[in-house]
Amino acid sequence: MLQATLLQTQGASCGLVLTLHHLVVDGVSWRVLLDELQQAGDALLSGTPITLPAEETSLHDWSATLLANLASRASEMPFWQRMLEQPLPALGERALIGNERALYQRTLLDAATSSALLNTLPQQFRATSEELLLTLLSLALRSMNGSALQRVTLESHGRAELHDHQDLARTVGWLTAEFPLLVALPDAAALNDSVRAVKSALRAVPDRGIGYAS
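When you read off a place in the sequence shown, starting at 1, and then add 5, the result is the number in my numbering.
One or more of the hints may lead you astray.
Calculated cross-link-like contacts (lysine to aspartate or glutamate; reagent style DMTMM-like; alpha-carbon spacing at most 25 Å) [said to hold, decoys possible]: (1) Lys204 with Glu81; (2) Lys204 with Glu135; (3) Lys204 with Glu60; (4) Lys204 with Glu160.
Everything labelled a hint here was simulated from the structure, so no lab data went into it. Remember, predicted model here, so these are calculated numbers, not experimental data.
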């Protein structure tokens, strides 16, 4: 599941390519691994011993905790059933072709728009950038299918600490949680109302969705 390849050019420079299967690493884990690789490289260059921060909670221990908490999460079942039972209209009229699994739309934002989404608008609406982006996505979906109800699948880092003695900041593994979210947009055209609806839907999700699929 791990492959390291050294790429060396005709000059003095070279590059290291690390390849890991997604089953053993997620986005947060990559930041941990790259940070430790940088620390180890700096130590080698300076001739000092390599000392890396400890992994407080292993993936094995975290998995055991999730299993031990299954019974206590039975009360979440009605919540997840409500997320999935509502039939929703299709996004568009075109059928998938061949091996297509989804219809993709890619949009690139310029620096000014990105800065507004990450800095200015969150303060104005008292919301996170995630909540604002999900609001805009929900409104765009409504413009396509005409439905006030929109269901999307979200991902979270899955590192909710269920016990005080757990610390997942440096845990390496696939801890990402995926979960469905049903957003009920208001009839009013005011953006503030839509943002509030999305904030309410997101904040009602128990433990950032780790009880649904982790």
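Okay, the hints, checked on the actual structure:
1. Lys204 with Glu81: 19 Å, holds
2. Lys204 with Glu135: 10 Å, holds
3. Lys204 with Glu60: Violated. Lys204 to Glu60 sits at ~33 Å, over the 25 Å cutoff.
4. Lys204 with Glu160: 16 Å, holds
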